[in-house]
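These are the residues of each chain, in order.
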Amino acid sequence: MTDLLTPQLNIETAVPDWLQARRLTGRAAWDNGSMPTRKTEDWKYTSLYPLQQDFTAAPVSDASAAELGLDLPELSGSRLVFVNGHWREDLSTLVADAAIEVVRFSEANAEQSALIGEHLGTTVPGTKHLFAMLNDAALSDGVFLRVRANSKAQHPVQLVWHNSRAESTFISNQRLLVLAETHSEASLVEHFSGRNNAFTNGVSELVLGPGAKLNHSRLHLESPEALHIGGLHVRLDRDATLESFHLALGGKLKRIDIVINHEGTGAHCQLDGIYLLRGNEHIDYHTCIEHAVPHCTTDETFRGIIGDKARAVFNGRIHIHPDAQKTHAQLSNKNLLTSATAEVNTKPELEIYADDVQCAHGATIAQLDDAMLHYLRTRGIPEDEALVLLSYGFINALVETQALDALRDYLKPLLADYFGATSESASEQGSNLTRHIGA
Amino acid sequence: MLSIKDLHAEVDGKTILKGLSLEINAGEVHAIMGPNGSGKSTLGHVLSGRPGYEITGGSVEFMGKDIFEMETEERAHLGLFLAFQYPVEIPGVSNMEFLKAAVDAVRESRDEEAFDTVSFMRKAREACTAVDLDQAFLKRGVNEGFSGGEKKRNELMQMMLLEPKLCILDETDSGLDIDALQVVAKGVNTMRAEDRAFLLVTHYQRLLDYIEPDYVHVLADGRIVKSGDKSLALELEEKGYGWLEVEVA
Ligand SMILES: Nc1ncnc2c1ncn2[C@@H]1O[C@H](COP(=O)(O)OP(=O)(O)OP(=O)(O)O)[C@@H](O)[C@H]1O
Ligand SMILES: [Mg+2]
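Keeping their order, the protein sequence lines are chains A and B.
Residue numbers for the first sequence, in our numbering: 1 to 439.
Residue numbers for the second sequence, in our numbering: 1001 to 1249.
It cannot be assumed that every hint is accurate.
Just a few of them, taken from the derived set where beta-carbon distance is under 8 Å, the chain B residues facing chain A [what the hints assert, rightly or not]:
(1) I1090
(2) M1096
(3) A1102
Below, computed lysine-lysine pairings styled on DSS-like, alpha-carbon distance capped at 25 Å [claimed, not checked]:
(4) A/K412 / B/K1230
(5) B/K1139 / A/K334
(6) B/K1018 / B/K1226
(7) B/K1123 / B/K1226
In short, the hints are calculated from the structure, not lab data.
These numbers come from a predicted model, not from an experiment.
In this text, a Cβ means the ideal position worked out from N, Cα and C, and glycines have one as well.
Sequences are here, hints too, so could you generate the full structure?
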């Protein structure tokens, strides 16, 4: 295996056994694995070429929130901020909430440490997800969020991974483990941002116990130069409900794998996502929903808008095992190309081995609708503003269904600005183009 | 206000308008009738600047300017309004966003001050009431899932808010029940003004019972083949279009 990515794996010794064990197995898997190429089916449309460079260890930054350009949603609960992968206590806020324990692995007490040891990595079995193995190998600190059984969190928890500007290209390792115990309820926002070309290798694991409910959002608001290979790996026990919302902006190479395992009957998962690309960006979402047991439901919707010379990849797999009778699963992926040179490769993959199931899937790729554009213009709306309204309108519904009000309020202007800034014009012009969104 | 001279236009290589001429002055109401496929909607599309329509001859002046030199939105700013025969559905863009964007753009082009949100909301609600649409329609996507009649009312509402100079209504009366027809008629009649003109495309005399036209034209095979006063509409209702072709031939 190429060792460009593996120069500074940790060797400290004073770590819990479970951590050392994970590192060693991760390291072994990474060393034995081979880097995916375009011939690897799962990587057919995504080249790892941008990773062929020398990476350094993530530098510690003490820049202020303003210097970092941190612009975060105003959520009421605890906020943990990591800059370049390093914990920043000064930027973080902890809000007491009886339903919740949120700690870094390094600060975990004995009970928490035991829980981490018990669950960490269980959502990513085997060695298929090679970058998750690299994440294991490089594991030093991470976040553990526990939602206590039979209790409801008062506030959403916000986890922020921000990369600062730096001289060199560095690797930032991110890890999260969420344990939502029996009949617990909570909301969680994962926020990735940065203004540079760092490489983030992220793994988030969600383990939902029986009847647990989790509202989860994962926002990738990274720079056009960002490199990110990330995975969200989920286990759903009996009657658990996961609502998971994804947004990806920016990225020279961004590949997110979302793997959801329905392991207990009656589990439900709603998975929504938006990807917006321009310039030379490349974003690849691979989703895989494993229905191993009966009576589970999946409702998955991803929408993308791809402009300029950008390329999006969407692969949505739903795998219904022989025992998974009475599964209801639907998958929809719609793409809007706003330039002749933009590209998307979309592939819904339904594999059904049970006979009594209801499944539907569909994928579309379209250009902006001329008739809609003309209609708006006949009412006097200038073409550039009409384009912004239509683009925003294409993804609007997914934002509106977001359960957290504060997050919606944060995302709407952010997305409007994103579309307003597509024209080469100045930002004042941009805000003119977006002023009617949400009127 | 509108002066069309010997207009020829084609779509997808097929010639639809074949020498159409029409003069409309401020304050007038014109009705155009004619068989299906004769080019009535095409005329509206050409005037609005819809892509795909090629002008192959003739000229059109609107408010003293060459209409083909203007972008679609500029025509709207000058006061051209087309109520579509088949209004377009735009999911994801709310009616309210759409109306505010349109009214702001048109007012701005006239150097008029923009309405603040509260007064615009009030105006929009009034317009809803005037066309007998529930206010819930302001929150829905533009025409999204609206019934045929609701779409027509929505067109009318836009016309009222935009206060155009020339209103072209392409079969706004088709598919409407009698109550809705009266809503349309009332809308047009209250907007009738010295400095405003109307071009009503219709198949039915009954609309003209409520909106009295100054002129009635028959469009057949891409040209105006006959013009008259409102009595022509009655005659058409009675005899159909067949006799005209004989007369023209
Ligand atoms: N894209 C196209 N390609 C070829 N022919 C077209 C195209 N669009 C319209 N036409 C034809 O142009 C002709 C005029 O159409 P238009 O819609 O203007 O008729 P109309 O007078 O409005 O009819 P109606 O009373 O049914 O509304 C019709 O024969 C129609 O089929
Ligand atoms: Mg027509």
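We went through each hint and held it up to the structure:
The restraint placing B/I1090 at the interface with chain A holds, with a minimum CB-CB distance near 5 Å, inside the 8 Å limit. With a cut of 8 Å, the hint placing B/M1096 at the interface with chain A holds, because the nearest CB-to-CB distance is about 6 Å. At its closest, the beta carbon of B/A1102 sits 4 Å from a beta carbon of chain A; the interface hint therefore holds under the 8 Å criterion. The straight-line distance between the Cα atoms of A/K412 and B/K1230 is roughly 53 Å, outside the 25 Å bound, and the hint therefore fails.
Straight-line distance between C-alpha atoms of B/K1139 and A/K334 comes to about 23 Å, which keeps the hinted pair within the 25 Å bound. Restraint check for B/K1018 and B/K1226: satisfied, since their Cα atoms lie roughly 15 Å apart, inside the 25 Å limit. Between the alpha carbons of B/K1123 and B/K1226 the distance comes to roughly 41 Å, so the proposed pair goes past 25 Å and is violated.
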